[in-house]
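Everything in the sequence shown is counted per my numbering, starting at 699 for the first residue and increasing by one.
There's no promise every hint is true.
[Claimed, not checked] When the alpha-carbon atoms are kept at most 20 Å apart in a straight line, the in silico EDC-like pairs for lysine to aspartate or glutamate are as follows:
{"id": "1", "residue 1": "Lys762", "residue 2": "Asp784"}
{"id": "2", "residue 1": "Lys1047", "residue 2": "Glu898"}
{"id": "3", "residue 1": "Lys946", "residue 2": "Glu1054"}
{"id": "4", "residue 1": "Lys803", "residue 2": "Asp747"}
{"id": "5", "residue 1": "Lys752", "residue 2": "Glu867"}
{"id": "6", "residue 1": "Lys929", "residue 2": "Glu1059"}
{"id": "7", "residue 1": "Lys951", "residue 2": "Glu939"}
{"id": "8", "residue 1": "Lys762", "residue 2": "Asp708"}
{"id": "9", "residue 1": "Lys703", "residue 2": "Asp754"}
{"id": "10", "residue 1": "Lys710", "residue 2": "Asp750"}
{"id": "11", "residue 1": "Lys928", "residue 2": "Glu1063"}
{"id": "12", "residue 1": "Lys797", "residue 2": "Asp775"}
{"id": "13", "residue 1": "Lys753", "residue 2": "Glu824"}
{"id": "14", "residue 1": "Lys804", "residue 2": "Asp747"}
{"id": "15", "residue 1": "Lys1087", "residue 2": "Glu903"}
{"id": "16", "residue 1": "Lys933", "residue 2": "Glu1063"}
{"id": "17", "residue 1": "Lys946", "residue 2": "Glu1040"}
{"id": "18", "residue 1": "Lys734", "residue 2": "Glu720"}
{"id": "19", "residue 1": "Lys803", "residue 2": "Glu824"}
{"id": "20", "residue 1": "Lys1087", "residue 2": "Asp784"}
{"id": "21", "residue 1": "Lys762", "residue 2": "Glu705"}
{"id": "22", "residue 1": "Lys951", "residue 2": "Glu1043"}
{"id": "23", "residue 1": "Lys710", "residue 2": "Glu739"}
{"id": "24", "residue 1": "Lys753", "residue 2": "Glu705"}
{"id": "25", "residue 1": "Lys1036", "residue 2": "Glu955"}
{"id": "26", "residue 1": "Lys1009", "residue 2": "Glu978"}
{"id": "27", "residue 1": "Lys1118", "residue 2": "Glu919"}
Keep in mind the hints are simulated off the structure, nothing from the lab.
Quick caveat: nothing in here was measured; it's all calculated off a predicted structure.
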Amino acid sequence: MHITKIELEDIKSHVQGKYEFERGTTAITGANGSGKTTIIEAIAWALFDLLDYKKDDFVRRGAKKGVVRVNFQSGLDEREYSIYRDTGTGYYVYDVQLKMRIAEKKEEVARFLWQHLGVEAGTDLEALFRRAIGVPQGTFTAIFLETPAERKKAFDKLLKVEEYRQGAEKLRETARYVESQINAVNVRIGRAEGELSRFELVETEHKNLAAQANDLAENLEKLNREVSDKKETVKKFDETESAVNELKSARDKLESENQRAEFVQKQRENEKNLAFAATEKIKLVENDYKTYIAAVSELKNLETLRGERDKIRAELNRIENQIVSAKAEQKGGGENLKKVEEARESIVKIEPQVREQENLEKQREILRNDLANAKAAETQISSFEEKLKRLRDELSEINGKIKNAEEKSAGVENLENMQKRDREITGEI
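Modelling step: build the complete structure from the supplied sequences, incorporating the hints.
Next up, the structure:
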């Protein structure tokens, strides 16, 4: 923090005072009673809440209220702030750039000052000023005359001993972490040496697997071509099967229509026989009815007999209509019979195709089995390819470890001992 300006209004001997400070060492001079100490007291009161006497004694005689403004540049964010305090209740922090108050009341101002002075929250600002910043004359060495516990308590806060102690603890943790990393690197070096000894075996195995992979790739290509050819054949068989299924469905449909037509024909024949029988009965009833009309023509119930005659005629008309319908249905049944005959001829024609379809289905089953075998071979090839890829990755990792081991072993002084140890390990393996 750098105090840039102090303004005093009606503070002790200062009616209106304004003092600006540049960076560096500043000396305040003047005659006794000119107000040199008042400037320091104003800083202590505004920034550190320290005033050794009553506010009324801090106000210039005859004035009602005194005002102190302290402008400073913060070391936290390099911005300029102004602390305003008067002998009444006014106490706030003013942001010069934003032109607004950013903290008011004593508690908020104290939290702001702790942050920008770089001290811990809760620090006694009054004691800090008395012991380290604004030490009164003749009391600079007073703290050295106190007990060791009091001196430690005062100087630990000023010198931030606790922060250094915490930093040392963190450095110990860092040292332990570095040591553990060194041990882990040594373990990895040992593993790399072990893996290096089996490099030749891995390389031989890799060559064998590469040769097997090439053979499998060639077999796979042949199988792929065979599968493509067989897929085309299966596609043709599927098309033929679809056509045969359509013909079968048409045959079934025609058979059902034939059965239905035969049933309708039988039903219409029965109805026709019934109609003929009814006609014969009507003829007999008609003769009896004429005889009866001649006999009872003179009777008064002629109207009743006429009604009966009308009923008989209506029944006769209904029967005649049934006869006509039966004849029409008989004609339709003949057409259905004709369709049935045509369907039978179609069925006879497609029977060779049905037999051919059965043969095609058998061939399709054989091709499906071949396709399943080809897929199994393809799965086996995929597993070989994965194994080959894994071995290639292991070989690349081993090469990297060999390179790292060579780089790390380049700076070792006792190279002969390491080579001897390498030969011993190789012999044990």
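Hints and how they fare:
Pair hint Lys762 plus Asp784 holds up; C-alpha atoms about 11 Å apart against a cutoff of 20 Å. A threshold of 20 Å between alpha carbons decides the hint, and for Lys1047 with Glu898 the separation of about 74 Å lies outside it, so the pair is violated. Using a Cα cut-off of 20 Å, the hinted pair Lys946 and Glu1054 holds, with the two alpha carbons roughly 13 Å apart. Annotation: proposed proximity of Lys803 to Asp747 holds, straight-line Cα distance about 12 Å (limit 20 Å).
Proposed proximity of Lys752 and Glu867 is contradicted: the alpha carbons are some 47 Å apart, above 20 Å. For the suggested pair Lys929 and Glu1059, the alpha carbons sit about 14 Å apart, so the restraint of at most 20 Å is met. A hinted pair counts as satisfied when its Cα atoms are at most 20 Å apart, and Lys951 with Glu939 qualifies at roughly 18 Å. Distance restraint check for Lys762 and Asp708: the Cα-Cα separation of roughly 8 Å lies within the 20 Å cut-off, and the hinted pair is therefore satisfied.
Taking the CA atoms of Lys703 and Asp754, the gap is about 24 Å. The hint is violated against a cut of 20 Å. Between Lys710 and Asp750, the direct Cα distance comes to roughly 14 Å. Compliance with the 20 Å bound is thereby established for this hinted pair. Taking the CA atoms of Lys928 and Glu1063, the gap is near 12 Å; set against the 20 Å cutoff, the hint holds. About 17 Å separates the Cα atoms of Lys797 and Asp775, which keeps this hinted pair within 20 Å; it holds.
About 16 Å separates the Cα atoms of Lys753 and Glu824, which keeps this hinted pair within 20 Å; it holds. Proposed proximity of Lys804 and Asp747 is supported: the alpha carbons are some 9 Å apart, at most 20 Å. Restraint check: the Cα-Cα separation between Lys1087 and Glu903 comes to about 13 Å, which is no more than 20 Å; the hinted pair holds. At roughly 13 Å between alpha-carbon atoms, Lys933 and Glu1063 fall within 20 Å of each other, so this suggested pair holds.
At roughly 15 Å between alpha-carbon atoms, Lys946 and Glu1040 fall within 20 Å of each other, so this suggested pair holds. At roughly 17 Å between alpha-carbon atoms, Lys734 and Glu720 fall within 20 Å of each other, so this suggested pair holds. For the hint linking Lys803 to Glu824, the alpha-carbon distance of about 17 Å falls within 20 Å, and the restraint holds. With a C-alpha separation of about 81 Å, the suggested pairing of Lys1087 with Asp784 is violated against the 20 Å cut-off.
For the hint linking Lys762 to Glu705, the alpha-carbon distance of about 17 Å falls within 20 Å, and the restraint holds. For the proposed pair Lys951 and Glu1043, the alpha carbon gap of about 14 Å is at most 20 Å, so the pair holds. Between Lys710 and Glu739 the alpha-carbon distance is near 11 Å, which keeps this suggested pair within the 20 Å criterion. Between Lys753 and Glu705 the CA atoms are separated by roughly 17 Å; this keeps the pair inside 20 Å, and the hint holds.
Under the criterion of a C-alpha separation no larger than 20 Å, the hint pairing Lys1036 with Glu955 is consistent with the structure, at around 11 Å. At roughly 17 Å between alpha-carbon atoms, Lys1009 and Glu978 fall within 20 Å of each other, so this suggested pair holds. Of the pairs offered as hints, the one joining Lys1118 and Glu919 is violated, with about 51 Å between alpha carbons and a cut-off of 20 Å exceeded.
Going down the numbered hints, you'll see the structure goes against 2, 5, 9, 20, 27, while the others check out.
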